Amino acid sequence: MPSRSAPSGRCKPVDAGRHAEAVARGLYGRLLAFVAARTGDVARAEDALSEAFAAALTDWPVSGVPENPAAWLLTVARRKVIDTVRRERTRGYASTHLQLLTEELAGDTPRDVPDDRLALMFVCAHPAIDPTVRAPLMLQTVLGLDAAAIASAFLSAPAAMGQRLVRAKARIKLAGIPFRLPERADLPERFDAVLEAIYAAFGAGWSEACSSESRRRGLTQEAIWLGRVVVSLLPEEPEALGLMALMLYAESRRAARRTAGGGYVPLDEQDVALWDADMIQQAETLLMHASAKGVVGRFQLEAAVQSAHAARRRTGQTDWCAIVRLYDTLLSLTGSPVVAINQAVARAAVGRTTEGLALLDRLAADPRIVTYQPYWAARAGLLARIGSTLDAATAYRRAIGLEADPAVRRFLQKRLIALEASRVRIIMTDERSGAGYVEAGHDGKALPER
Amino acid sequence: MQYLLLIYSDESAMASATEADRGQMMAAYGAYTEAMVQAGILKGGDRLRPASTATTIRTVDGKTAVLDGPYAETKEQLGGYYIIDAPDLDAALSWAERCPGAAVGAIEVRPIWAM
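As you go down the protein sequences, you meet chains A and B in turn. With positions in the first sequence counted from 1, the corresponding number in my numbering is that position plus 5. With positions in the second sequence counted from 1, the corresponding number in my numbering is that position plus 68.
Quick caveat, the hints were computed from the structure, so don't treat them as lab data. What you are looking at is a predicted structure, and each value in this text was computed from that prediction instead of being measured. A virtual CB, placed ideally from N, CA and C, is assigned to each residue, including glycine. Treat each hint with caution, since some may be false.
Said to hold, decoys possible - Now the in silico label distances, taken between C-beta atoms and shown as ranges:
#, chain 1, residue 1, chain 2, residue 2, range
1, A, Thr137, B, Ile151, 25 to 33 Å
2, A, Arg96, B, Glu176, 26 to 34 Å
3, A, Thr137, B, Ala99, 37 to 45 Å
4, B, Ala170, A, Glu241, 33 to 41 Å
5, B, Gly137, A, Thr137, 30 to 38 Å
6, B, Asp129, A, Leu186, 48 to 56 Å
7, A, Leu186, B, Asp114, 34 to 42 Å
8, B, Ala122, A, Glu241, 51 to 59 Å
9, B, Ala88, A, Arg330, 48 to 56 Å
10, B, Asp129, A, Arg96, 29 to 37 Å
Isolated chain A (complex conformation) (with noise of 0.2 Å):
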């Protein structure tokens, strides 16, 4: 067993455990991932590592936390593993390939456990998972989440999270899902699905900003967490750069999203004195070393409208005309209904409402719209512009049924009151830039599944 530190230096118990903790959750991913890549089996290695970390959790407040506490919970861990595989052997369970893993496993534990959390992120993301198991897996797997926070989070039931994650993980070992980074003609394609896969677990804790539930809230932290992961082991890769810009910009106006009441308060309305300076000075660094690199993609994309919102700290102007410009790009790239949402809404920002409301009108096909709050909420606020009150009334009621959370649910019903003020007084105002606009794609509003 490695030494450990000094018995002087030792603390408290309940600090001991505490801290012994706080080690243990930072080691996780790291642990995991590497258990996991040697056995093939995720499950297997879950089972190893909580035993390890059991077993910490009970010596290291009392023997002092080991000099090098990673070594420490591998070897408990490999050591369980290679147990179960014997014993399953000696009942002739053990495939030869699993053996074979394990043998490799059995070696000297390395000082410096290799980092495999960006091949197990790959596995997580793999084409052959079910895209809306991913983030869920990921969350699980890299950052140790169990299956209640994670179906709290994703609203679902606690016991189908579980269920999912349990037969996603024996996909992985039966189907063969290999522990590494994948060819590189398959590269982007990939790293896309693990990007993707870490803004859905940003999204599910950013739509519950405010809420009393603590772990969701906690959920965009994670993800930022993932994605300070990734940018560590592909620190030039520009998208993963954009991400993290992305999610940092957003996450920088958390205070100023609701009343001290719990009200919501739109982009356009929020106080900027409450977003957060340093977290948007590092989305600004992110993103410029991003653009540096001269690839341009949609997390960029979108990082970049958030600055051009975020320009509104300093300058007391959002730069409409640069986020009509910049959704256009991401319109092309991406073709999404999402973007097409963001695009007409600022388009009408710019004075060119009708153009918006054709790009509205030419999403009506599509049969995802019907049950997808920000479409009507954005049509009601532009049709108001042009004061068609009627269908803007109309529109303003569908965005209220289709919205689950009480705060904005409030904040569209004081938009159509308003609306309905302002036809009986028959004033037409010119109603703010954007106004009235829950924003698409950044309040975890992701499109509902055709």
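Fit chain B to the supplied structure of chain A, relying on the hints for placement.
Below, chain B without anything else, positioned relative to chain A:
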């Protein structure tokens, strides 16, 4: 690991193809099979007679029912298979992708349950 590549395609489309198209397909399969042999991964494989020649049996309560036709009536039928030995799913998928049948139908990749 061993994988079974199941080749599904629309038999009627193949039947109504021109002689030249069919010849081109056969040649492509020949080259594909040869490439797998050269790579040392091919464990077996065959082309199957059309699904119209299939007979399905099922024993229920000790009584065997013999049915004329394939197990499932679908738009695409199982037309052949390969068994390959590949290090992992990605390697198996890249072989499946090269199969000429992938361009006209679908290739199902199934890991073989090692006993």
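Now the hints, each set against the structure:
{"no.": "1", "hint": "A/Thr137 - B/Ile151: 25 to 33 Å", "verdict": "holds, 32 Å"}
{"no.": "2", "hint": "A/Arg96 - B/Glu176: 26 to 34 Å", "verdict": "holds, 32 Å"}
{"no.": "3", "hint": "A/Thr137 - B/Ala99: 37 to 45 Å", "verdict": "holds, 39 Å"}
{"no.": "4", "hint": "B/Ala170 - A/Glu241: 33 to 41 Å", "verdict": "holds, 34 Å"}
{"no.": "5", "hint": "B/Gly137 - A/Thr137: 30 to 38 Å", "verdict": "holds, 36 Å"}
{"no.": "6", "hint": "B/Asp129 - A/Leu186: 48 to 56 Å", "verdict": "holds, 54 Å"}
{"no.": "7", "hint": "A/Leu186 - B/Asp114: 34 to 42 Å", "verdict": "holds, 35 Å"}
{"no.": "8", "hint": "B/Ala122 - A/Glu241: 51 to 59 Å", "verdict": "holds, 55 Å"}
{"no.": "9", "hint": "B/Ala88 - A/Arg330: 48 to 56 Å", "verdict": "holds, 51 Å"}
{"no.": "10", "hint": "B/Asp129 - A/Arg96: 29 to 37 Å", "verdict": "holds, 35 Å"}
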